[in-house]
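Sequence order for the protein chains is P and H. Its first residue numbered 8, the first sequence is counted upward by one per residue in the numbering used here. Its first residue numbered 8, the second sequence is counted upward by one per residue in the numbering used here.
Note that these hints are calculated values from the structure, not bench results.
Treat identical chains as interchangeable: a pair holds within one or across any two.
Lysine-lysine pairs mimicking BS3-like chemistry, simulated, CA-CA at most 30 Å apart:
no.: 1; residue 1: Lys31; residue 2: Lys42
no.: 2; residue 1: Lys42; residue 2: Lys66
no.: 3; residue 1: Lys208; residue 2: Lys143
no.: 4; residue 1: Lys42; residue 2: Lys13
no.: 5; residue 1: Lys30; residue 2: Lys61
no.: 6; residue 1: Lys13; residue 2: Lys104
no.: 7; residue 1: Lys30; residue 2: Lys42
no.: 8; residue 1: Lys143; residue 2: Lys66
no.: 9; residue 1: Lys67; residue 2: Lys140
no.: 10; residue 1: Lys143; residue 2: Lys67
no.: 11; residue 1: Lys61; residue 2: Lys104
no.: 12; residue 1: Lys104; residue 2: Lys30
no.: 13; residue 1: Lys138; residue 2: Lys13
no.: 14; residue 1: Lys67; residue 2: Lys138
no.: 15; residue 1: Lys13; residue 2: Lys66
Residue-level listing of the chains:
Number of protein chains: 2
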Amino acid sequence: MEFSSKFIENAVNEISNLPGIGKKSALSLVLFLLKQPESQSLNLANAISQMRLKVNFCKKCHNISDSDICEICANPRRDESIICVVEDIRDVMAIEKTSSFNGLYHVLGGKISPVDGIGPDDLNISSLVEKVKNNKISEVIFALGTTMEGDTTNFYIYRQGSDYNITTSTIARGISVGDDLEYADEITLGRSITDRIPFEKSLKG
Amino acid sequence: MEFSSKFIENAVNEISNLPGIGKKSALSLVLFLLKQPESQSLNLANAISQMRLKVNFCKKCHNISDSDICEICANPRRDESIICVVEDIRDVMAIEKTSSFNGLYHVLGGKISPVDGIGPDDLNISSLVEKVKNNKISEVIFALGTTMEGDTTNFYIYRQGSDYNITTSTIARGISVGDDLEYADEITLGRSITDRIPFEKSLKG
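Bound conformation, chain P alone (with noise of 0.2 Å):
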């Protein structure tokens, strides 16, 4: 594309580098600016840069946060004896939503994937398994999505740990909540049934 402005140019292409955005969006978002308030780009840009300079993340669960310990770390309340090992702050929020877990979360920062050049050294994995040295730690839960990457990140992690006493467990996979069987694909509904839970159980929830 020539455009008749090297800022217009300059703002599509630093527009176009963000995934999911080519050219033709980007010259959509820039023109769309251009017809708001000047404000709205300023606060636009002042929020990004702000963003990458500003953000801190939490020393203990790497979660990102404001100040050094995240709100989760420092509240007295929580089990701090569990510890529930994700992927990204996306993956803490919705379980936080749940309201369903009281202990820690870990914070990989990713999943292993040798495809896209992600080793173990490249995650928080050594932290974690520092935690699980220091013996306070009673029960680790894997919370990865499971897909290859996610099944071989949580068995690394596994492995590294298994010199330790602690026990370790996955979130469950089943038929979701108010879905048909008829519409689950087989290996859900397979896993479902080999993790089947005691039907009193069941009754808690």
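Chain H: place on chain P using the hints.
Then chain H, alone, in the frame of chain P:
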């Protein structure tokens, strides 16, 4: 959504103010930027604010430009007597790409759309009528999209300029080059028949 950092929250809110980007996509973009080098976010933020603050509009045709008069209007080889009326910079870029037009443009900045609260006064129509009044123009080509709003805008401008002795034309509607007739919609095919052109003329194309 509840965020663990107000910087993240702020960035997500600002990004999701853009059309077509919801809170979830905005959060994905933020997490993507956090994984990239700091410079990428700063360049993006800078490009957006520079674009909004420094971009100029051509005083003659209202096209986006870095100077007061855009390159097209400043080009002495272009025919000043023919004006092509378009909606925005994208249309200028599209027509320029064809190399089929040697006149000047007039960028309206939108189309008359009562539903969206856009009236003639919100568009660059008065300056176009001014140009017509000054008698320097021999032909006005309407190149707006064929929608209700496009047709309304064309007709409004046509009426405004009807007291002056100029030719008006509209870009041809018809079957795309390379398209089969059976896949064309009825209205386009109908227009292509009523607006048929002498065969000899089509050979020159």
